[in-house]
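Taken in sequence, the protein lines are chains A and U. Per our numbering, numbering through the first sequence is continuous, rising by one, with the last residue being 296. Per our numbering, numbering through the second sequence is continuous, rising by one, with the last residue being 296.
None of these hints come from the bench; they were simulated from the model. The reader is advised that the hints may include incorrect statements.
Intra- or inter-copy, both count: the list cannot distinguish identical chains.
[As the list claims (entries may be wrong)] In silico PhoX-like pairs for lysine-lysine, Cα to Cα no more than 20 Å straight-line:
| hint | residue 1 | residue 2 |
| --- | --- | --- |
| 1 | Lys57 | Lys46 |
| 2 | Lys190 | Lys163 |
| 3 | Lys190 | Lys216 |
| 4 | Lys45 | Lys17 |
2 protein chains.
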Amino acid sequence: MKTYLDCLPCFMNQALRAGRVATNDEKKIKKLLDEIGMLIGKIPMEHTPPETGAIIYRRVSEITGNADPYREIKEKNISQALSLYPELKKKVAESNDRLLTALRLAVAGNIIDLGVGKEFNIRDDVEKTLHQKFAICDYELFKQELNKAKEILYIGDNSGEAVFDKILIEELGKKVTFVVREIPIINDITIKEAKLIGIDKIAKVISSGTTAPGTILDICNDDFLKIFVNADMIISKGQGNYEGLSGTDIPIFFILKAKCSVIADNIGVQENDIVLKGINL
Amino acid sequence: MKTYLDCLPCFMNQALRAGRVATNDEKKIKKLLDEIGMLIGKIPMEHTPPETGAIIYRRVSEITGNADPYREIKEKNISQALSLYPELKKKVAESNDRLLTALRLAVAGNIIDLGVGKEFNIRDDVEKTLHQKFAICDYELFKQELNKAKEILYIGDNSGEAVFDKILIEELGKKVTFVVREIPIINDITIKEAKLIGIDKIAKVISSGTTAPGTILDICNDDFLKIFVNADMIISKGQGNYEGLSGTDIPIFFILKAKCSVIADNIGVQENDIVLKGINL
Chain A
16 MKTYLDCLPC FMNQALRAGR VATNDEKKIK KLLDEIGMLI GKIPMEHTPP ETGAIIYRRV
76 SEITGNADPY REIKEKNISQ ALSLYPELKK KVAESNDRLL TALRLAVAGN IIDLGVGKEF
136 NIRDDVEKTL HQKFAICDYE LFKQELNKAK EILYIGDNSG EAVFDKILIE ELGKKVTFVV
196 REIPIINDIT IKEAKLIGID KIAKVISSGT TAPGTILDIC NDDFLKIFVN ADMIISKGQG
256 NYEGLSGTDI PIFFILKAKC SVIADNIGVQ ENDIVLKGIN L
Chain U
16 MKTYLDCLPC FMNQALRAGR VATNDEKKIK KLLDEIGMLI GKIPMEHTPP ETGAIIYRRV
76 SEITGNADPY REIKEKNISQ ALSLYPELKK KVAESNDRLL TALRLAVAGN IIDLGVGKEF
136 NIRDDVEKTL HQKFAICDYE LFKQELNKAK EILYIGDNSG EAVFDKILIE ELGKKVTFVV
196 REIPIINDIT IKEAKLIGID KIAKVISSGT TAPGTILDIC NDDFLKIFVN ADMIISKGQG
256 NYEGLSGTDI PIFFILKAKC SVIADNIGVQ ENDIVLKGIN L
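Based on the provided sequences and hints, a complete structural model is requested.
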């Protein structure tokens, strides 16, 4: 997905939010905003937004000296999500369609996104999402592809969200490779958080090599690219990965909640809609 | 009021909104955003936000070639507000406290603000505001000063809002000088719209000389400054005028709805609170 005009003020908003999480030093945050302001005119609009995100969040870390500003928040989100895990598993077990319920939970987990700046309440939002109608629901296609696939490549997004991904992975009943970011960026999942959640116990965990808040193929490592190109089936979670991967010609299922109007418009849904969308299939 | 860190992304948002109102040419809007991005690092944080607003909206007009982008919207807002005028007058006539009801209507009118980017519905929001509790209500002080004053200096804000100001002016029962902006800026009122509403029939209408979306004393004309310094009583409407004038040592009554968190924090109220606040009294 290309960069839209609306993304430009949003980059400034993201820098301010991340700067505030990383430091209390207003001068450092001012320096950060000044720099991102200067960057605006240099952003190629044909680049995907997470490519600019990579620059912004790197500067947040460099200017504030805080390499992982969201560490505590990630741990809190994971702990909250893990505390819900037993009852979520029960919801799946008691449902008429275990896979669909697990898919809904995977979407629900996507509310734990600290890049967007919306308030969320994990428990309430999960409950809402379990009863929300999908704006796009390629579920039949998803089941067909899942039946055919031997292995699934599952591209993770936020840290707390991955607790919900774990539940979906457990329902897929296939060998899964779970993909994380190379470095801490916003509250996105890295190998560290994947291990904290225990995803390494049920899937092979690899880094895509991306240092952006989304999967940017140009900066991914060769090992990931090889698996990506040859995968039986790919599941991609969240907005950042959609922004990075929606322009590829590889078949992918995107699972996400459209949390900003630009992405909603790009997908052809309304803001706050939930989506299970397959492309290139 | 000084510029806060939150104002910096907001300047970009304002530029995008105003650019879109002024033109459909995305390249021009991109150029505008690039320039405002470059400007961010040069903004003195001790300046008031409308001082930067003046630069932004001037560039909107220069880059898009549209000197009054909000003209049609202003006319529509005024027409909507004028259609409510008879029933608003009736509300005042039927109320227990005519002046307080007119003050409430003047606050209600302050929702017609196109710089903030919030949706509004004039009729519904007026009804809500008529029943909303003031977060700060210096009404007794207001009445005392009004009784003592021979003449009132009334600093207007948005165009449609001025229909509501007209009702308050009619209830003040004093000689009133109504102050407008020097040039079209966002949907703020100029002499043209004041005449359209008929404010010139019940008050003397003057321009402060300000070319900003708020009263910036440094750029106001001498005639206004003379009246401002010697006024018996000053009523200032809206956020822009509060931002420009809250640092002065002249007694002023501010009437506004706090539509952004920065201004709400600065005043010591919550976002969306309504305020009648006297300073330096």
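Each hint tested on the structure:
{"no.": "1", "hint": "Lys57 - Lys46", "verdict": "both (17 Å within a copy, 11 Å between copies)"}
{"no.": "2", "hint": "Lys190 - Lys163", "verdict": "within (13 Å within a copy, 83 Å between copies)"}
{"no.": "3", "hint": "Lys190 - Lys216", "verdict": "within (12 Å within a copy, 80 Å between copies)"}
{"no.": "4", "hint": "Lys45 - Lys17", "verdict": "between (28 Å within a copy, 14 Å between copies)"}
When the structure is compared with the earlier hints, no violation turns up for any of them.
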